[in-house]
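Count the sequence shown with UniProt numbering and you get residues 1 to 134, in order.
FYI, nobody ran anything at the bench for these hints, they're computed from the structure. This structure is a prediction, so every number in the text was calculated from the model and none was measured. C-beta atoms are modelled at their ideal positions from N, C-alpha and C, and glycine is treated no differently. Warning: the hint list may mix true and false statements.
[Unchecked claim] Distance ranges between label pairs, derived from CB positions:
(1) P65 x L23: 33 to 41 angstroms
(2) R69 x A103: 29 to 37 angstroms
(3) P94 x R33: 33 to 41 angstroms
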Amino acid sequence: MIIMTDPDRHWSEMDSHGNEVSLDVTFDLLRSRRRRYILRYLTHHSDTIELQELADQLVACEETPLDDRERLVTSLYHVHLPKLADSGVVTFYPEQRLVEPEATADALLPYLALAANDDVQTDEFSPGCESGVG
1 MIIMTDPDRH WSEMDSHGNE VSLDVTFDLL RSRRRRYILR YLTHHSDTIE
51 LQELADQLVA CEETPLDDRE RLVTSLYHVH LPKLADSGVV TFYPEQRLVE
101 PEATADALLP YLALAANDDV QTDEFSPGCE SGVG
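The task is simple: from the sequences and hints, build the whole structure.
Structure, rendered in structure tokens:
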């Protein structure tokens with residue numbers, strides 16, 4: 001449900017638990033195809049996920065060459081997961097190399113569904129990865 005928290009501030013998205021993600025933050029998070037995939041994957045897996053499992057899924061979907069796998073893991077660890085954690089949609093445990101979705105991630109599902117249509121048509125992801133469930 002879209003709500004206006006303060007008419008002079010911004011629109012925000014509220015999930016069923018009353019957690020907010022501002023529209024600006026939503027679009028910032030979803031502008032990265034890789035973050036969209038991460039969010040799709042995590043919203044289909046409510047448990048804590050190991051960083052390596054998430055990386056393996058991305059490697060398969062992006063058909064990442066063996067030489068680039070470490071670069072992908074590094075981008076998850078240093079860029080994408082911290083950004084998602086800073087916005088409150090995931091909890092990232094860097095020392096344990098674990099990530100889990102937060103309830104606020106559900107507020108992004110309608111936007112992820114809209115983006116999935118475009119991702120399927122323009123994406124370099126392998127067929128079957130557009131849903132984020134590998």
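Hint-by-hint comparison with the structure:
Between P65 and L23 the beta carbon distance is about 36 angstroms. The supplied range of 33 to 41 angstroms therefore holds. Between R69 and A103 the C-beta distance comes to about 31 angstroms, which sits within the given range of 29 to 37 angstroms. Separated by about 23 angstroms at the C-beta atoms, P94 and R33 break the suggested range of 33 to 41 angstroms.
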